[in-house]
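Can you build the whole structure from these sequences, using the hints too?
Chains as they are written, first to last, in the working numbering: chain V, 1056 to 1122; chain E, 26 to 236; chain H, 10 to 334.
In case anyone wonders, no lab produced these hints; they're calculated from the structure.
Here are the simulated lysine to aspartate or glutamate pairs, EDC-like style, with alpha carbons at most 16 Å apart:
{"#": "1", "chain 1": "H", "residue 1": "Lys38", "chain 2": "E", "residue 2": "Asp56"}
{"#": "2", "chain 1": "H", "residue 1": "Lys69", "chain 2": "H", "residue 2": "Asp208"}
{"#": "3", "chain 1": "H", "residue 1": "Lys38", "chain 2": "E", "residue 2": "Glu57"}
{"#": "4", "chain 1": "H", "residue 1": "Lys157", "chain 2": "H", "residue 2": "Asp88"}
{"#": "5", "chain 1": "H", "residue 1": "Lys157", "chain 2": "H", "residue 2": "Asp187"}
{"#": "6", "chain 1": "H", "residue 1": "Lys69", "chain 2": "H", "residue 2": "Asp179"}
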Amino acid sequence: MAGMRQPHSLAPVLVAALVNLNRPATYAHAGVFQMSVANLVVIGLMVVVFAAAIALPFRRRHKGEQR
Amino acid sequence: MSTHGSAPRSWTARVRDTAVRAMPPERLLPDEQPAYMSSWVYIFGVLTLASLSVIIGSGVILALKGPAWWHYTGVGHFFNSVHLWAVELFFFFMVIHLWAKFFMAAWRGGRARTWASGAVTFLVAIPCAFTGYLSQQNFDSQWIATQAKDGINSTGIGAFFNVLNFGQMYTYHVLLLPVVVVALVVAHVLLVRRHGIVPPLPLADLPKPSP
Amino acid sequence: MKRGRISNRELDRLARNYDGPYRPYDLVKELCVALAVVTALALALAIVFSSPDDPPRTIKQWSHQMPVDFVTTAVSELDGSSDTAGYGPPYNHASTGQHAAFIHLQQWFGVSHPINTPLDYVYEPLASIPGDGPLRAAVAAYRSAPAKMQSAWTTAYADALGKATVGSGDAVQVAPGDYGPVPTMMSALLSLAQSGGLDGDLLTSSQFYETDYTTPLLLMADGGVLTARAQAQHLLGSQWGMMNETGSYPGQVWLWLYTFWYQIEPFSSSANADLLVFLIMGFLSVCLVAVPFIPGVRDIPRWIPLYRYIWRDHYRAQQSTGAGA
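What follows is the structure in structure tokens.
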């Protein structure tokens, strides 16, 4: 690793990101409960995707025939 | 039956015959499925498998260049990003797969081991991810290690599983735990193939078959 | 039409075999499509969001940016009042560790990574500083003093550090007092830390090739350098930190239930919280694996009948052909 030095500044290295998430997060609070917006988005997406997977009609588009 | 002539029954022949009896090729790789599999909810198992493949692929690339590579090159950082997001996708799809299998009561019909192997895979994947976070060699891993040590030490496990020992955690992460996860996933998929996809629950207001 | 609850045993029997219609399906193609989709998703997320890499803190940085905190921590290692000094197994025998009723797992598994805080964090690093006569005399004077005298010096110095100021060159200045040789020792240790020598010294104290960061990390954890950054990043236990990642990245969402217990009584104020939460989560994990055998839990899918929507095509087909269950 000779010659390869880590950046000395404390700022996190930002590499090729179109959306910069290297900034303080926003948090949702409700009583003892607190969660970052990012985590809430992930959980929300999971519920939405699960519900959609059940609700969406299942259309088979391949050439197989039903027996 | 041996392959040429009538040699005595060897261990190899017995293992082969048992395996083929338990899992004939048509059962291992069927080209048809029950007509009741008519929902998008069935795709999350294979999506979880695919995510695991991307995790392993990106992990192999990271391992090829060693644990410090991603800190000082853009390419290394990119593969670290792929690896991290593949982990998020893996848990995303796996938990939805778990929810779907729960609400389908997929353990019915002798499939309790299928459920159990899936649940254990989830439980082993968590420490596998945990050792990955410990292997980052940045502030996050410093914090996680110094915090997690209290929980792990309280159980006595800290006496032989030292989260502050980077070398040990890295080895668990790139070899020991992935081997266990993959073995569990293989067992889980083989059980699914062995017992088939669980049929639907009988709808309560349909007429019961007459005795 | 009869309605009635079918028993779990009957449900099990009905699910063993399927004699109904099949249709063609390409499993290998499905796997290939899934691989392509997930690879594309992972690549896209990596390109759009990248990943966090908050640089690690070093003892050198700590001693420059928070010199009073560093010296305060060093004094606590010297007089055995630090967290590590009083931790118990696996580092020392200073306490018996956490327990749940009669279960003392931490104690039973013993000391596997011995740390002697005054020796490892003060005496040995100071001994590595070459040719400093006054320093060697100060260390010798401290080590040969009676325990009561040592304690009086370190207590007085720790109290003075509460009102210390930072001078030029990040040096720590305290009000005059009777601290014995402690200020000389701490000043030398601070200089060693600020030069970067203590980072390497603590890591390679036993051998050249080392991947075990226990010794330096425990020193940093005893001080405030990691906590200060963690609090800013919402990673503290009281902030549900176990689930969080640095920056605005999603973290380890799957740990929600594990960290939840730490937020409520009696765990939030218990000295044995870690062991208690571990035992609860261990029990719940076994329950997860054993769901098929737990009455009530295994019946939830029938009480919350999402299955009616999942298999609605199948039920419709059954009703139109007039087939039974």
